[in-house]
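Work out the full structure, taking the sequences as your base and the hints as a guide.
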Amino acid sequence: METADLLPLLEQLDDNIDDLEESLQPILNGSVLEASKNLPVLDKAKFHVLVTYALESLIFSYLRLHGVNAKDHPVFRELTRVKQYFEKIKSLETEPEQRTMRLDKEAAGRFIKHGLAGNEKLDMARKEQEAKERARAQLKAKLLAKKMATTSDKSPSNPAGDSDEDSDEVSAPSADSKSEKKEKTTKQGKGKGKEESDGDKPSKSKRKHSSREEQSQTKKDRRKKKSDKRKARKEK
Numbered sequence: 001m002e003t004a005d006l007l008p009l010l011e012q013l014d015d016n017i018d019d020l021e022e023s024l025q026p027i028l029n030g031s032v033l034e035a036s037k038n039l040p041v042l043d044k045a046k047f048h049v050l051v052t053y054a055l056e057s058l059i060f061s062y063l064r065l066h067g068v069n070a071k072d073h074p075v076f077r078e079l080t081r082v083k084q085y086f087e088k089i090k091s092l093e094t095e096p097e098q099r100t101m102r103l104d105k106e107a108a109g110r111f112i113k114h115g116l117a118g119n120e121k122l123d124m125a126r127k128e129q130e131a132k133e134r135a136r137a138q139l140k141a142k143l144l145a146k147k148m149a150t151t152s153d154k155s156p157s158n159p160a161g162d163s164d165e166d167s168d169e170v171s172a173p174s175a176d177s178k179s180e181k182k183e184k185t186t187k188q189g190k191g192k193g194k195e196e197s198d199g200d201k202p203s204k205s206k207r208k209h210s211s212r213e214e215q216s217q218t219k220k221d222r223r224k225k226k227s228d229k230r231k232a233r234k235e236k
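Numbering (UniProt numbering), first residue to last: 1 to 236.
No wet-lab data here; the hints were simulated from the structure.
Treat the hints with care, as some may be off.
[What the hints assert, rightly or not] Distance condition first, Cα-Cα at most 30 angstroms in a straight line; then the derived DSS-like pairs of lysine-lysine:
(1) K37 / K105
(2) K146 / K121
(3) K234 / K224
(4) K105 / K140
(5) K105 / K83
(6) K113 / K140
(7) K140 / K121
(8) K71 / K37
(9) K83 / K71
(10) K90 / K113
(11) K83 / K44
(12) K46 / K90
(13) K132 / K105
(14) K105 / K90
(15) K142 / K127
(16) K132 / K146
(17) K132 / K142
(18) K121 / K105
(19) K234 / K220
(20) K83 / K46
(21) K105 / K127
(22) K105 / K88
(23) K88 / K37
(24) K127 / K140
(25) K113 / K44
(26) K88 / K44
(27) K132 / K113
(28) K46 / K88
Shown next, in the form of structure tokens:
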């Protein structure tokens, strides 16, 4: 890579290191044990795992910057081990799935029949009950068939069928005209919505541009402060 391509990457690395120093400052001022003393067990485990992951990732980045193949270094194995602890903590946080208890009626019926198969009295009573249920079902089916036949015989022919068809044909065009009017109104509403959204686009782009300029200005101010501190240290 050329030097022109490396400069923005170095600036980004410098900004990331500054952010990391700010976030680790409370831990660096004291000790890890004091910071995690009042935490619950699960939060304490998270804290220790995150601290070790931050330190080992810094070592990994340091080796990469000095041209060392960090994947062959023992720190890479430690990073994979810490990631496994992340997965363990995540599995502890997720609640176990509650299995819904369901009753298999068919299986229960088979078990009951098999258990009562040796008793002749119970077998006879069960067969009689099944025969009665079948007879009742057949009677109900016959009664329904008779009712359907009587209602079909009593219903007269529809003399006004032709007139109803003519009235349906006459009313059909009015429904079509109503649907066409609705489509026109929806198209007009969509056109107005598009014009309003097109008008809002330039204002959004201006806001994004201004926020980017503010971020770049803050980064420049931070770099100036760091360079002034370094110069002051050198003069001392």
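Which numbered conditions among the earlier hints are violated in the structure presented, ordered from lowest to highest?
Of the numbered hints, 1, 2, 5, 8, 10, 14, 22, 25 do not hold.
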